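Chemist: Sequence:
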Amino acid sequence: MRYGGREKFINGTSMKLRQFYVLAAFLLAPPPSWSAEPNALAAQSEIERIATTAAGQVGVAAWRLDGTGPRLLFNADQSFPMASTFKVAVAGALLAKIDAGKLKLDQMLTVDPAQYIESEMIATTLIHPGVSLSVHNLLELLLTYSDNTAADVLTAAAGGPEAVTAWVRSQDVNGLRVDRDTGGILRDFFALPAGVFSQALAAARKTDSKLDERGTHPNTAFDNDPRDTSTPTAMAELLTKLFAGHALSPAGTKTLVETMERCHTGDNRLRARLPAPTTVADKTGTIGGSVNDVGLITLPNGKGQVVIAVFIKKSDLPFAAREKVIADIARATYDFFLFANPQ
Numbered sequence: 001m002r003y004g005g006r007e008k009f010i011n012g013t014s015m016k017l018r019q020f021y022v023l024a025a026f027l028l029a030p031p032p033s034w035s036a037e038p039n040a041l042a043a044q045s046e047i048e049r050i051a052t053t054a055a056g057q058v059g060v061a062a063w064r065l066d067g068t069g070p071r072l073l074f075n076a077d078q079s080f081p082m083a084s085t086f087k088v089a090v091a092g093a094l095l096a097k098i099d100a101g102k103l104k105l106d107q108m109l110t111v112d113p114a115q116y117i118e119s120e121m122i123a124t125t126l127i128h129p130g131v132s133l134s135v136h137n138l139l140e141l142l143l144t145y146s147d148n149t150a151a152d153v154l155t156a157a158a159g160g161p162e163a164v165t166a167w168v169r170s171q172d173v174n175g176l177r178v179d180r181d182t183g184g185i186l187r188d189f190f191a192l193p194a195g196v197f198s199q200a201l202a203a204a205r206k207t208d209s210k211l212d213e214r215g216t217h218p219n220t221a222f223d224n225d226p227r228d229t230s231t232p233t234a235m236a237e238l239l240t241k242l243f244a245g246h247a248l249s250p251a252g253t254k255t256l257v258e259t260m261e262r263c264h265t266g267d268n269r270l271r272a273r274l275p276a277p278t279t280v281a282d283k284t285g286t287i288g289g290s291v292n293d294v295g296l297i298t299l300p301n302g303k304g305q306v307v308i309a310v311f312i313k314k315s316d317l318p319f320a321a322r323e324k325v326i327a328d329i330a331r332a333t334y335d336f337f338l339f340a341n342p343q
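Residue 247 in the working numbering sits at position 247 of the sequence shown, and the numbers go up by one each step.
This list has only true hints and no planted wrong ones.
Derived SDA-like pairs (lysine to any residue); straight-line CA-CA distance at most 25 Å:
no. : residue 1 : residue 2
1   : LYS254    : LYS303
2   : LYS102    : ARG169
3   : LYS254    : GLY101
4   : LYS210    : LEU192
5   : LYS210    : ASP225
6   : LYS303    : ASP267
7   : LYS206    : ALA194
8   : LYS206    : THR216
9   : LYS241    : GLY175
10  : LYS241    : ARG180
11  : LYS206    : ALA114
12  : LYS241    : LEU65
13  : LYS254    : ASN301
14  : LYS241    : THR298
15  : LYS210    : ALA194
No lab work stands behind these hints, which were simulated from the structure alone. Everything numeric in this text was worked out from a predicted model, so none of it was measured.
Using the sequences provided together with the hints, build the complete structure.
Modeler: Below is the structure:
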C-alpha cells in the first residue's frame with residue numbers, strides 16, 4: 001500500500017510561445033489574479049488546457065518567492081485533500097519547536113510498534129521491537145520518503161494535529177487545516193475500526209480483497225470532507241513563509257529546504273519535465289483520486305525561485321497520467337517565470 005508513503009503511483013507538451021499569443025487573443029477579460037501581459041495570459045491558457053486532461057479537479061498556485069511579478073492561480077481558492085503534503089506543516093511546526101528550544105534534532109524518540117502505519121520504510125524494514133530514532137532521522141524519512149510512521153511520531157511530537165494547525169495560523173495562513181495524523185486519515189478513508197492501525201488494516205484485508213485497489217480510486221466521502229484540506233493559495237503561502245525564512249530560524253529553514261531537496265517520491269511530478277539539473281524542493285501527496293506535489297523550483301542563471309502548489313482531486317485516471325498533469329503544469333509555470341519580466 002502506497003498511500004502517502006513512498007509514492008511511486010504511477011513527457012507532455014507545452015505550446016510554443018506564438019501559439020500562446022494566439023490563444024491569449026481570444027480571452028476577452030483575464031481573471032483578476034492574472035497579469036494582463038500576454039505572457040501571463042498565455043501561461044493561464046496553457047495551465048487551463050493541461051487541467052482539462054486530468055479528468056478531475058485541478059488547483060494551482062505559483063509565484064516568485066520574493067513576491068515580485070504576477071501570481072499564477074487556477075482554482076486556487078478551492079479546497080483539496082492534502083494527502084501527505086500536510087507533512088510540510090508538520091515539519092514546520094516541529095522545526096519551530098526546535099527553534100524555541102522545546103525539542104532537539106538529535107533527541108531520540110521511541111517508535112512503538114503500535115504506532116506503525118504502513119509505508120515502505122520504518123514499518124517495512126524495522127520489523128522488530130526496540131526502535132528509537134532521532135528527530136532528525138524521523139524528519140528525513142518524513143520529507144524524503146513520506147514515511148507514515150515517522151509522520152505520526154512527529155505529529156505527536158509537534159503537539160498533535162490541532163497544534164500544527166495553530167502554528168499554521170500563527171503564520172497568518174488560513175485555508176489549510178490539519179485535523180488528523182496519517183493513521184487517522186487512512187482509517188477514515190478505508191473505514192477501519194478503532195484499535196491498533198496495523199491490526200485493523202490486516203483484518204480488513206482478510207474480508208475485503210479490493211481494499212488496496214480502493215485506495216487508488218476517488219472516494220466521494222473523503223473528497224468532500226473538509227478535514228485535512230488546503231487551498232493551493234494557502235499551501236503556497238505557507239511554503240513562502242517557510243522557504244523565505246519568515247517562519248523559522250536560518251538553521252531551521254536550511255534544514256527544511258535541504259531535506260525537501262532530497263525528496264524521493266516526486267520524480268514523476270514537479271521535476272519530471274524540468275531541465276536538468278533544476279533544483280526542486282518538494283513534498284508529494286497521494287491517496288484515492290488525489291495526486292499532489294508542492295514545493296520550490298529554483299530557476300537557472302540567478303532568475304530566482306518559484307513557489308508552486310499543484311493539487312488534483314476526484315480523478316480516476318491512471319497515476320502516470322495524473323502525475324503527467326503535474327509535470328506539464330510545472331513546466332508551463334517554469335517557462336513563464338523564466339522568461340517573464342519580474343516587476
